[in-house]
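Novice: If you want the building blocks of each chain, they are given just below.
Protein chains: 2
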Amino acid sequence: MTKQELNGNVRPESMERITTPELAREFIELQTEAIREQVGKGRVLLALSGGVDSSVCAALISRAIGKQLCCVHVNHGLLRKGEPEQVCRVFGEQFDVNLIYVDAVDRFLDNLAGVSDPERKRKIIGKIFIDVFAEEAAKIEGVGFLGQGTIYPDILESDGVKSHHNVGGLPENMRDFELVEPVKLLYKDEVRVVGKALGLPDSMVYRQPFPGPGLGVRCVGAITRDRLEALREADAVVREEIEKLPARPWQYFAVVPDIKSTGIKDGKRYMGWPVVIRAINTVDAVTATTAELPFSTLCAIRDRILSTVEGVNRVLWDFSDKPVSTIEWE
Amino acid sequence: MTKQELNGNVRPESMERITTPELAREFIELQTEAIREQVGKGRVLLALSGGVDSSVCAALISRAIGKQLCCVHVNHGLLRKGEPEQVCRVFGEQFDVNLIYVDAVDRFLDNLAGVSDPERKRKIIGKIFIDVFAEEAAKIEGVGFLGQGTIYPDILESDGVKSHHNVGGLPENMRDFELVEPVKLLYKDEVRVVGKALGLPDSMVYRQPFPGPGLGVRCVGAITRDRLEALREADAVVREEIEKLPARPWQYFAVVPDIKSTGIKDGKRYMGWPVVIRAINTVDAVTATTAELPFSTLCAIRDRILSTVEGVNRVLWDFSDKPVSTIEWE
Numbered sequence: 005m006t007k008q009e010l011n012g013n014v015r016p017e018s019m020e021r022i023t024t025p026e027l028a029r030e031f032i033e034l035q036t037e038a039i040r041e042q043v044g045k046g047r048v049l050l051a052l053s054g055g056v057d058s059s060v061c062a063a064l065i066s067r068a069i070g071k072q073l074c075c076v077h078v079n080h081g082l083l084r085k086g087e088p089e090q091v092c093r094v095f096g097e098q099f100d101v102n103l104i105y106v107d108a109v110d111r112f113l114d115n116l117a118g119v120s121d122p123e124r125k126r127k128i129i130g131k132i133f134i135d136v137f138a139e140e141a142a143k144i145e146g147v148g149f150l151g152q153g154t155i156y157p158d159i160l161e162s163d164g165v166k167s168h169h170n171v172g173g174l175p176e177n178m179r180d181f182e183l184v185e186p187v188k189l190l191y192k193d194e195v196r197v198v199g200k201a202l203g204l205p206d207s208m209v210y211r212q213p214f215p216g217p218g219l220g221v222r223c224v225g226a227i228t229r230d231r232l233e234a235l236r237e238a239d240a241v242v243r244e245e246i247e248k249l250p251a252r253p254w255q256y257f258a259v260v261p262d263i264k265s266t267g268i269k270d271g272k273r274y275m276g277w278p279v280v281i282r283a284i285n286t287v288d289a290v291t292a293t294t295a296e297l298p299f300s301t302l303c304a305i306r307d308r309i310l311s312t313v314e315g316v317n318r319v320l321w322d323f324s325d326k327p328v329s330t331i332e333w334e
Numbered sequence: 005m006t007k008q009e010l011n012g013n014v015r016p017e018s019m020e021r022i023t024t025p026e027l028a029r030e031f032i033e034l035q036t037e038a039i040r041e042q043v044g045k046g047r048v049l050l051a052l053s054g055g056v057d058s059s060v061c062a063a064l065i066s067r068a069i070g071k072q073l074c075c076v077h078v079n080h081g082l083l084r085k086g087e088p089e090q091v092c093r094v095f096g097e098q099f100d101v102n103l104i105y106v107d108a109v110d111r112f113l114d115n116l117a118g119v120s121d122p123e124r125k126r127k128i129i130g131k132i133f134i135d136v137f138a139e140e141a142a143k144i145e146g147v148g149f150l151g152q153g154t155i156y157p158d159i160l161e162s163d164g165v166k167s168h169h170n171v172g173g174l175p176e177n178m179r180d181f182e183l184v185e186p187v188k189l190l191y192k193d194e195v196r197v198v199g200k201a202l203g204l205p206d207s208m209v210y211r212q213p214f215p216g217p218g219l220g221v222r223c224v225g226a227i228t229r230d231r232l233e234a235l236r237e238a239d240a241v242v243r244e245e246i247e248k249l250p251a252r253p254w255q256y257f258a259v260v261p262d263i264k265s266t267g268i269k270d271g272k273r274y275m276g277w278p279v280v281i282r283a284i285n286t287v288d289a290v291t292a293t294t295a296e297l298p299f300s301t302l303c304a305i306r307d308r309i310l311s312t313v314e315g316v317n318r319v320l321w322d323f324s325d326k327p328v329s330t331i332e333w334e
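Quick mapping for you: the protein sequence lines, in order, are chains A and B. By the count of our numbering, the first sequence reaches residue 334 at its end, each step adding exactly one. By the count of our numbering, the second sequence reaches residue 334 at its end, each step adding exactly one.
So here's chain A without its partners, still in its complex pose (with noise of 0.2 Å):
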């Protein structure tokens, strides 16, 4: 492969499927020659969600071209337990990048208070996304580049003709950047495969897929910081237990939906809001089946949950496969 077809948009038939440390060798130092050819002394932006793509997408770019990468995180609020810690811990620390954390959780939370409509709240989350990005963005002098974590399903899905459809919603002044997309011709076992080579712990290279608008889809309904929280904490019992198993599911989290039913705790009546269990398997997340969770591991999380998270009175499993269901609730 050469550099010149890494920049198109089209993965080259001779292009071998990067299933070993070796071969994941060999892309990196072909991406960081091309990476330090396009952008010479020029300056990359990247929103860093802490996602697979985006992670790896920033360690290579940070591994060609150094402090001159300026990784942007925004924490709103709907990120799992430890994710904007350790997207710090990474790249802050361990790969020492030039990196922007934004609390930005109150502008979010606040805006999302009542929301209700799941349409809405997506919605509203990307859009005060895009504005805290662009706000950041403007505060950095001499950006001509724009990282971005797009991988080949990406351009497949957009038939190859918008491969930008990460940046649709930015503002004009950033739709002039030049995008540098250093896996864009990766798969996403290719993409693993490369951050592991890359030095990424396995926790963020393994990491489970996340929706985009985050916990906020989990925590059905009109959000609230307390409820949320709750999602929080159980979500992160819920990973912990799962991950305990031999053979992980394709995905695993806590929902908790807005209705409280009577508990007692203490000899008191305890209202509290149930936490919902789901673990599903799937190849293209079209169809899904719910993953057999042992009857020891849900005992586990629901005692676990049901003694440290406050405001949750019950377990449920939502053993639904997709159809009639869907993966998430909203």
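Simulated from the structure, these hints should not be mistaken for lab results. Incorrect hints may appear among the rest.
Identical chains share a label here; the pair holds if one copy fits it or two copies do between them.
What the hints assert, rightly or not - DSSO-like, lysine-lysine: derived pairs with alpha carbons at most 27 Å apart: (1) Lys200 to Lys127; (2) Lys143 to Lys131; (3) Lys45 to Lys192; (4) Lys131 to Lys326; (5) Lys326 to Lys272; (6) Lys269 to Lys127; (7) Lys272 to Lys127; (8) Lys143 to Lys71; (9) Lys269 to Lys326; (10) Lys71 to Lys7.
All values derive from a computational prediction rather than experimental measurement.
Fit chain B to the known structure of chain A by using the hints.
Specialist: Frame of chain A, contents of chain B only:
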């Protein structure tokens, strides 16, 4: 035991536990005579819910005084699938009892419309029940007695003092009725043995406990007719599938909370309620543990519900213990 002792509110120490058909028949003979002596040529009115206690009570009184007994079955719309039909079949046909079936479904559901507070729901159901029963009673002439399925634990719970605990809400004119309580010295297990000896069907005699406000407390929040219907259908599936197990839990039922989530049907978005499966074991209902349902049973329930019950797109299993959860959701 003497007929005299049968009339008191204290179970004689000499009274043998009724565990066999022989002992049951002995009790039935004695009680038949006692009822005949008490009632003479009078008329007895009885609110027949279809539960074990009122059913055995009705069967006993009917055996003693035939058409002098008048049963009123109030269908409040919150009964389980097939229950009103069973009451009519067993008592109207098999026992050939004087049975007044009151279809009060609209009256109950109209009054419950929009009411989401559990306490208010219970009060409305209780109040309308008394009203309907009193109205029916007023239409019948010459009633001097009120049959009641009081059992011994009811008397023990009220310290032996307030044995009329079930009629506290009755209007003045009915409080003058003399009570006929033929099973008031029996424990629940004895009531069942007597019921079986009287020829009541197993599905009635071994019926699991069912709350007074019926499905009302399981159609969580403000009851709507469509959600109540979904609950009734789903509950029937839960009961049928769980009754295929070698050992039945103490109580098992469905709950449908007032919340919708996204689903997909025929390629289109399909918003629907979740059905919650609940199955618990307990000795005294003060504490309870979840029954470990086999995954195959859970899946059988889920698949039947999702393919037949309108408006449902998700099935959950509530496997929480009491405490911190309660058996019912409200």
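Novice: Each hint: holds or not?
Specialist: Here's how the hints hold up against the structure:
no.: 1; hint: Lys200 to Lys127; in the structure: neither (34 Å within a copy, 63 Å between copies)
no.: 2; hint: Lys143 to Lys131; in the structure: within (19 Å within a copy, 67 Å between copies)
no.: 3; hint: Lys45 to Lys192; in the structure: neither (30 Å within a copy, 86 Å between copies)
no.: 4; hint: Lys131 to Lys326; in the structure: neither (29 Å within a copy, 44 Å between copies)
no.: 5; hint: Lys326 to Lys272; in the structure: between (39 Å within a copy, 12 Å between copies)
no.: 6; hint: Lys269 to Lys127; in the structure: between (39 Å within a copy, 24 Å between copies)
no.: 7; hint: Lys272 to Lys127; in the structure: between (41 Å within a copy, 21 Å between copies)
no.: 8; hint: Lys143 to Lys71; in the structure: within (16 Å within a copy, 91 Å between copies)
no.: 9; hint: Lys269 to Lys326; in the structure: between (36 Å within a copy, 9 Å between copies)
no.: 10; hint: Lys71 to Lys7; in the structure: within (23 Å within a copy, 98 Å between copies)
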